[in-house]
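Enquirer: What follows is each chain in one-letter form.
Protein chains: 2
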Amino acid sequence: MEHMDFGRHTSREFNQDLENIRNMVLEMGGLVEQQVGDAMIALLQSNSELGQQVEDRDVEVNALEVKIDEACTQIIAKRQPAASDLRLVMAVVKTITDLERIGDEAEKIGHLAIKLATDTHRPEYYRHLELVGQMAKTILGNALDAFARLDAQAAFDTAKSDRKIDDEFETLSRVLITHMMEDNREIKNVLRVSWCARSLERIGDHSKNICEYVIYLVKGKDVRHISLKKIRKQFFNNPK
Amino acid sequence: MEHMDFGRHTSREFNQDLENIRNMVLEMGGLVEQQVGDAMIALLQSNSELGQQVEDRDVEVNALEVKIDEACTQIIAKRQPAASDLRLVMAVVKTITDLERIGDEAEKIGHLAIKLATDTHRPEYYRHLELVGQMAKTILGNALDAFARLDAQAAFDTAKSDRKIDDEFETLSRVLITHMMEDNREIKNVLRVSWCARSLERIGDHSKNICEYVIYLVKGKDVRHISLKKIRKQFFNNPK
Numbered sequence: 001m002e003h004m005d006f007g008r009h010t011s012r013e014f015n016q017d018l019e020n021i022r023n024m025v026l027e028m029g030g031l032v033e034q035q036v037g038d039a040m041i042a043l044l045q046s047n048s049e050l051g052q053q054v055e056d057r058d059v060e061v062n063a064l065e066v067k068i069d070e071a072c073t074q075i076i077a078k079r080q081p082a083a084s085d086l087r088l089v090m091a092v093v094k095t096i097t098d099l100e101r102i103g104d105e106a107e108k109i110g111h112l113a114i115k116l117a118t119d120t121h122r123p124e125y126y127r128h129l130e131l132v133g134q135m136a137k138t139i140l141g142n143a144l145d146a147f148a149r150l151d152a153q154a155a156f157d158t159a160k161s162d163r164k165i166d167d168e169f170e171t172l173s174r175v176l177i178t179h180m181m182e183d184n185r186e187i188k189n190v191l192r193v194s195w196c197a198r199s200l201e202r203i204g205d206h207s208k209n210i211c212e213y214v215i216y217l218v219k220g221k222d223v224r225h226i227s228l229k230k231i232r233k234q235f236f237n238n239p240k
Numbered sequence: 241m242e243h244m245d246f247g248r249h250t251s252r253e254f255n256q257d258l259e260n261i262r263n264m265v266l267e268m269g270g271l272v273e274q275q276v277g278d279a280m281i282a283l284l285q286s287n288s289e290l291g292q293q294v295e296d297r298d299v300e301v302n303a304l305e306v307k308i309d310e311a312c313t314q315i316i317a318k319r320q321p322a323a324s325d326l327r328l329v330m331a332v333v334k335t336i337t338d339l340e341r342i343g344d345e346a347e348k349i350g351h352l353a354i355k356l357a358t359d360t361h362r363p364e365y366y367r368h369l370e371l372v373g374q375m376a377k378t379i380l381g382n383a384l385d386a387f388a389r390l391d392a393q394a395a396f397d398t399a400k401s402d403r404k405i406d407d408e409f410e411t412l413s414r415v416l417i418t419h420m421m422e423d424n425r426e427i428k429n430v431l432r433v434s435w436c437a438r439s440l441e442r443i444g445d446h447s448k449n450i451c452e453y454v455i456y457l458v459k460g461k462d463v464r465h466i467s468l469k470k471i472r473k474q475f476f477n478n479p480k
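Protein chains in written order, with my numbering: chain A, 1 to 240; chain B, 241 to 480.
Rather than coming from a laboratory, the hints here were simulated on the basis of the structure. Where is the CB? At the ideal position from N, CA and C, for every residue including glycine. It is possible that part of the hints are untrue.
Chain A residues, not near chain B, derived (Cβ > 12 Å throughout) [stated by the list, open to error]: (1) E33; (2) A117; (3) E124.
With a cut-off of at most 25 Å between alpha-carbon atoms, the simulated BS3-like pairs for lysine-lysine come out as follows [to be verified]: (4) A/K67 to B/K461; (5) A/K108 to B/K348; (6) A/K164 to A/K233.
Bound-form chain A, shown alone (with noise of 0.2 Å):
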């Protein structure tokens, strides 16, 4: 297991300045996956109430992003970090936007899932919707696990996961278009479902950003837009 330890530095303050936005961004992530497990619920079980509270707890989420935003200018500005400082500094800032964003889409699912409420009738593609949220959880779970442990192999697996999530993405938007052929009167509702598969979807893309981060900050360099190929070759030894 690759990983790094940033409780080196002869400035107590500033190990746990650090050690402080790390800790934020572990309470941010936990927020948001609970964010999502309950927009899945409110979905899949018809609760509109719960649907809600996702919908209105959304401003924590972005009230975490601003004050961590707001740290890390603060630890810039005061402690100068360099090296892998600062890339865990840049790292942190570049994760809770993607953080915020996951949240955003728990909050759009939290907003269907009271629309689609009403209609109590959930047919067979339910499962498999529940089957993508499921992945979703499970990679921004490992996604953030990868961060706390500084795992920048347990990274790119989990970034290599996200292939998963966008092939079962593909194949339930199909299943969800022949239903709207086979009836017309439930073009809406289908269509709002597809609407929840491209959030989930979305968490993947997301989950997958943050891995990038991670790999960033423990080997040093930007991987994103990189096939994951390429950075397996550059980086990791083991074939897989």
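Fit chain B to the given chain A structure using the hints.
Expert: Below, chain B alone, put in the same frame as chain A:
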């Protein structure tokens, strides 16, 4: 007009560095604007070649993001910027993330334009789509202008105008649903058009984000997730 001047450092190199990242952002903004414009032409004129070109050029947008990010990290490490200089660097780091995602949306529209090009039939709702496209291009252009001139008032006005795209997007979505219900065979293509519309709406959101960074940069306060009414009260005197 509110504006700032960054050309006041005793170190000429520092001024040059700051000017340099601003110019790179404007270069990236110009490229992204062109991508959005080309994607819309490809879509409206069933030009699959141009759609392909938009898809292919997305790598240029991505490369610029990585390059600017590196330049920002280097400025922080080398120059240890404080106050408004640091805010500029942080605003740039955030802005290019949104520009990159606008590029992704343009790429998606380009991709969908190719799929839709085989069907040269252009129903009435394409005019409506063109209107939403025009609005997206306008808000993006205005956001970039506000950034170029560091004009907080223009940024505020532009951010406010995002609501118009959201409204227009909702209207268009309703029109598209009606079309799907009327003609089953058209569902797949109408759905593709609705994905394009969604991408345009997101371009509006990202442009609004850029405006918020400009306000943060000029006014020194993070205004994300605050209602526009509150922002006006706090920072702008003119009633609008």
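Enquirer: Next step is simple, just say for each hint if it's right about the structure.
Expert: Hints, verified against the model:
no.: 1; hint: E33; result: holds, 20 Å
no.: 2; hint: A117; result: holds, 19 Å
no.: 3; hint: E124; result: holds, 19 Å
no.: 4; hint: A/K67 to B/K461; result: holds, 12 Å
no.: 5; hint: A/K108 to B/K348; result: holds, 21 Å
no.: 6; hint: A/K164 to A/K233; result: holds, 21 Å
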